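Colleague: If you read the sequence shown in numbering that gives the first Met the number 0, its first letter stands for residue 0, the second for the next number, and so on.
Since the hints were derived computationally from the structure, they do not count as laboratory data.
One thing to keep in mind: the hints can contain errors.
[Stated by the list, open to error] Derived SDA-like pairs (lysine to any residue); straight-line CA-CA distance at most 20 Å:
#, residue 1, residue 2
1, K161, S77
2, K74, Q92
3, K350, K261
4, K460, L438
5, K117, T144
6, K265, Y103
7, K49, Y103
8, K261, P78
9, K74, E130
10, K316, G417
11, K48, K167
12, K354, E233
13, K117, W135
14, K261, Q92
15, K354, M344
16, K167, E357
17, K265, R23
18, K161, G129
19, K261, K316
[Said to hold, decoys possible] Label-pair distances were calculated between CB atoms; the ranges are:
#, residue 1, residue 2, range
20, A220, I458, 23 to 33 Å
21, R371, E91, 21 to 31 Å
22, A299, G247, 23 to 33 Å
23, W135, V414, 37 to 47 Å
24, K354, A220, 49 to 59 Å
25, E91, F272, 33 to 43 Å
26, R371, W135, 11 to 21 Å
27, L304, Q444, 44 to 54 Å
28, Q397, E44, 48 to 58 Å
29, E245, D308, 46 to 56 Å
30, A36, D431, 38 to 48 Å
31, E39, E91, 23 to 33 Å
32, G451, I289, 22 to 32 Å
33, L438, A11, 22 to 32 Å
It should be emphasised that the depicted structure is a prediction, and the values quoted were computed from it without experimental measurement.
For every residue, glycine included, the Cβ atom is placed at its ideal position computed from N, Cα and C.
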Amino acid sequence: MPTANIGLIGLAVMGQNLVLNMERNGYTVAVYNRTTATMEEFIHEHPGKKLVSATTLEAFVQSLERPRKLIIMVKAGSPVDAVIDGLVPLLEQGDLIIDGGNSYFPDTERRSEALAAKGLRFMGVGVSGGEEGALWGPSIMPGGTQESWELVKPILEAIAAKAPEDGKPCVVHIGPRGAGHYVKMVHNGIEYGDMQLIAEAYDILQRALGLQPAELAEIFAEWNKGELDSFLIEITATIFRRIDEETGQPLVDLVLDKAQQKGTGKWTSQDAFNLGAPIPTINSAVVGRILSALKDERVAASKVLPGPDQTVYEGDKAALIDAVRQALYASKISAYAQGMALLRMASDEYKYELKLGEVAAIWRAGCIIRARFLNHITEAFNRNPALANLLLDDALGQAVRERLPAWRHVVQTAVGMGIPVLAFSGSLAYYDSYRSERLPANLIQAQRDFFGAHTYERIDKPGIFHSQWE
Numbered sequence: 000m001p002t003a004n005i006g007l008i009g010l011a012v013m014g015q016n017l018v019l020n021m022e023r024n025g026y027t028v029a030v031y032n033r034t035t036a037t038m039e040e041f042i043h044e045h046p047g048k049k050l051v052s053a054t055t056l057e058a059f060v061q062s063l064e065r066p067r068k069l070i071i072m073v074k075a076g077s078p079v080d081a082v083i084d085g086l087v088p089l090l091e092q093g094d095l096i097i098d099g100g101n102s103y104f105p106d107t108e109r110r111s112e113a114l115a116a117k118g119l120r121f122m123g124v125g126v127s128g129g130e131e132g133a134l135w136g137p138s139i140m141p142g143g144t145q146e147s148w149e150l151v152k153p154i155l156e157a158i159a160a161k162a163p164e165d166g167k168p169c170v171v172h173i174g175p176r177g178a179g180h181y182v183k184m185v186h187n188g189i190e191y192g193d194m195q196l197i198a199e200a201y202d203i204l205q206r207a208l209g210l211q212p213a214e215l216a217e218i219f220a221e222w223n224k225g226e227l228d229s230f231l232i233e234i235t236a237t238i239f240r241r242i243d244e245e246t247g248q249p250l251v252d253l254v255l256d257k258a259q260q261k262g263t264g265k266w267t268s269q270d271a272f273n274l275g276a277p278i279p280t281i282n283s284a285v286v287g288r289i290l291s292a293l294k295d296e297r298v299a300a301s302k303v304l305p306g307p308d309q310t311v312y313e314g315d316k317a318a319l320i321d322a323v324r325q326a327l328y329a330s331k332i333s334a335y336a337q338g339m340a341l342l343r344m345a346s347d348e349y350k351y352e353l354k355l356g357e358v359a360a361i362w363r364a365g366c367i368i369r370a371r372f373l374n375h376i377t378e379a380f381n382r383n384p385a386l387a388n389l390l391l392d393d394a395l396g397q398a399v400r401e402r403l404p405a406w407r408h409v410v411q412t413a414v415g416m417g418i419p420v421l422a423f424s425g426s427l428a429y430y431d432s433y434r435s436e437r438l439p440a441n442l443i444q445a446q447r448d449f450f451g452a453h454t455y456e457r458i459d460k461p462g463i464f465h466s467q468w469e
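Let the hints inform the model, and build the full structure from the sequences given.
Modeller: Here it is as structure tokens:
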């Protein structure tokens with residue numbers, strides 16, 4: 000007889016923690032892992048839990064109550080397809096497969112269509128919050144049909160993080176097909192931008208002012224009490240406090256400056272280019288990680304490529320620290336404006352019907368970019384659901400305007416001292432481009448018409464024109 004309410008395949012740490020989260024919230028969970036020993040060890044380590052173990056896919060499927068609901072937590076790409084191919088012959092019409100990994104949204108679109116043709120339900124569900132979030136409450140972004148959502152809504156609402164402001168679960172039905180994985184992808188792209196901005200703030204403070212990790216820890220902890228209150232600022236302060244036991248030095252100073260990436264930030268940039276959505280902060284963050292990987296080349300270049308003579312900031316130290324705080328917040332608003340505008344364009348292109356206020360609301364807890372600031376974004380879209388850009392919201396726009404002098408000062412200072420600020424400068428350039436009634440694209444279009452007869456439009460009369468420029 001079926002005994003499990005839901006099943007999960009793939010018992011790496013994320014999968015294990017999701018299982019424990021569901022079990023803690025009252026559900027009996029069937030578990031299966033390709034390596035049986037991993038599953039057996041997991042069961043052995045959690046005696047007395049409402050878990051059903053299975054050593055074969057057949058036994059796993061048979062243990063699930065109908066309509067069957069099962070979550071796949073395996074590496075994105077072909078491993079997901081392999082698991083699905085193994086499941087399809089064992090399932091019945093109306094059963095639901097959930098892909099809870101970081102799958103590329105076109106794969107989710109393809110799988111949704113293919114499984115629907117077989118009478119099976121499929122959901123692509125973004126899960127953010129890392130290992131801790133999976134165990135105690137992640138932010139969850141489910142995409143699929145309304146009927147599929149209703150099947151798992153009680154479970155997902157039970158295990159999701161709860162927003163501290165109102166206690167609402169950080170999960171909502173995002174939209175059809177690949178909508179959930181698309182929103183998770185953009186979430187991760189914004190995360191890339193946020194992390195790059197924080198890293199650049201750190202770089203300015205250490206290189207321009209010579210601040211040491213202990214001092215930086217105090218600064219970031221203080222920032223976390225105000226408008227920058229967020230998970231990423233909080234953990235940054237904690238990182239600066241960690242001392243390496245072997246050397247007695249701050250551990251952050253011993254970490255090699257090569258940032259890795261799993262691909263979601265790159266996917267965000269690639270799709271933004273496809274849609275024609277400008278997201279320079281996220282693009283800069285991806286480029287920043289790629290540049291960091293060129294460690295050997297950078298070491299060699301540092302010996303031959305000169306920088307500015309000024310290496311120490313000669314102005315007011317406290318004033319620059321506060322200016323960096325203001326510039327970080329303004330850049331953050333710019334970055335989120337870019338990300339939410341991308342979601343709006345994608346919603347139109349892919350017919351996702353995203354509700355951006357709801358998206359921001361479920362990011363308030365559980366996920367990596369959780370922050371007090373997300374309440375302001377939710378409020379902005381509640382005031383105007385058709386808001387084209389967060390910079391046009393009265394409250395957020397005013398917040399940026401108040402910080403513009405500090406923002407410009409920080410970017411100018413960094414450029415003058417040769418400190419790279421890809422994301423800070425990209426965020427500011429986005430703001431300045433978006434507010435410009437006229438951009439130099441008229442010259443670009445004239446050049447295109449000159450060498451390729453690509454034509455152009457005029458500002459003084461309608462029509463399409465081509466000129467002989469010589």
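Colleague: Next step is simple, just say for each hint if it's right about the structure.
Modeller: Verification of the supplied hints:
Restraint check for K161 and S77: not satisfied, since their Cα atoms lie roughly 33 Å apart, outside the 20 Å limit. Of the supplied pair hints, the one linking K74 and Q92 is violated, its CA atoms being roughly 26 Å apart against a limit of 20 Å. At most 20 Å may separate the alpha-carbon atoms for a hinted pair to count; K350 and K261 exceed this at roughly 27 Å. Under the criterion of a C-alpha separation no larger than 20 Å, the hint pairing K460 with L438 is consistent with the structure, at around 19 Å.
Taking the CA atoms of K117 and T144, the gap is near 15 Å; set against the 20 Å cutoff, the hint holds. Our distance criterion of 20 Å between C-alpha atoms is met by K265 and Y103, whose separation comes to about 11 Å. Using a Cα cut-off of 20 Å, the hinted pair K49 and Y103 is violated, with the two alpha carbons roughly 33 Å apart. The hinted pair formed by K261 and P78 meets the criterion: a straight-line CA distance of about 16 Å does not exceed 20 Å.
For a cut-off of 20 Å, the pair hint linking K74 to E130 stands: about 15 Å separates their Cα positions. Our distance criterion of 20 Å between C-alpha atoms is met by K316 and G417, whose separation comes to about 18 Å. A distance of roughly 27 Å separates the Cα atoms of K48 and K167; the hinted pair therefore is violated under the 20 Å criterion. With a C-alpha separation of about 29 Å, the suggested pairing of K354 with E233 is violated against the 20 Å cut-off.
Among the hinted pairs, K117 with W135 is inconsistent with the structure: their alpha-carbon atoms are about 35 Å apart, more than 20 Å. Using a Cα cut-off of 20 Å, the hinted pair K261 and Q92 is violated, with the two alpha carbons roughly 35 Å apart. Straight-line distance between C-alpha atoms of K354 and M344 comes to about 12 Å, which keeps the hinted pair within the 20 Å bound. Pair hint K167 plus E357 holds up; C-alpha atoms about 11 Å apart against a cutoff of 20 Å.
Pair hint K265 plus R23 does not hold up; C-alpha atoms about 36 Å apart against a cutoff of 20 Å. At most 20 Å may separate the alpha-carbon atoms for a hinted pair to count; K161 and G129 meet this at roughly 16 Å. Restraint check for K261 and K316: the C-alpha separation of about 37 Å exceeds 20 Å, so the hint is violated. Distance hint check: the CB atoms of A220 and I458 are about 52 Å apart, inconsistent with the given range 23 to 33 Å.
Checked against the given bound of 21 to 31 Å, the beta carbons of R371 and E91, roughly 46 Å apart, lie outside it. For A299 and G247, the Cβ-Cβ distance of about 31 Å falls inside the hinted range of 23 to 33 Å, so the restraint holds. In this structure the supplied range 37 to 47 Å holds for W135 paired with V414, their Cβ-Cβ distance being about 43 Å. For K354 paired with A220, a C-beta distance near 35 Å fails the hint of 49 to 59 Å.
About 42 Å separates the C-beta atoms of E91 and F272, a value consistent with the hinted range of 33 to 43 Å. A hinted range of 11 to 21 Å for the beta carbons of R371 and W135 is consistent with their spacing of about 20 Å. Between L304 and Q444 the Cβ separation comes to about 35 Å, which falls outside the hinted range of 44 to 54 Å. For the hinted restraint 48 to 58 Å between Q397 and E44, the CB-CB distance of approximately 53 Å keeps it satisfied.
Range check, E245 to D308: Cβ separation about 37 Å, and the 46 to 56 Å hint is violated. Taking the beta carbon of each, A36 and D431 are about 58 Å apart, not inside 38 to 48 Å as hinted. Taken as a hint, the range 23 to 33 Å holds for the pair E39 and E91, whose Cβ atoms sit roughly 28 Å apart. Restraint check, G451 to I289: a C-beta distance of roughly 30 Å satisfies the suggested window 22 to 32 Å.
For the pair L438 and A11, the supplied restraint of 22 to 32 Å is violated, since their beta-carbon distance comes to about 47 Å.
Of the hints listed earlier, those the structure fails to meet are numbers 1, 2, 3, 7, 11, 12, 13, 14, 17, 19, 20, 21, 24, 27, 29, 30, 33, in rising order.
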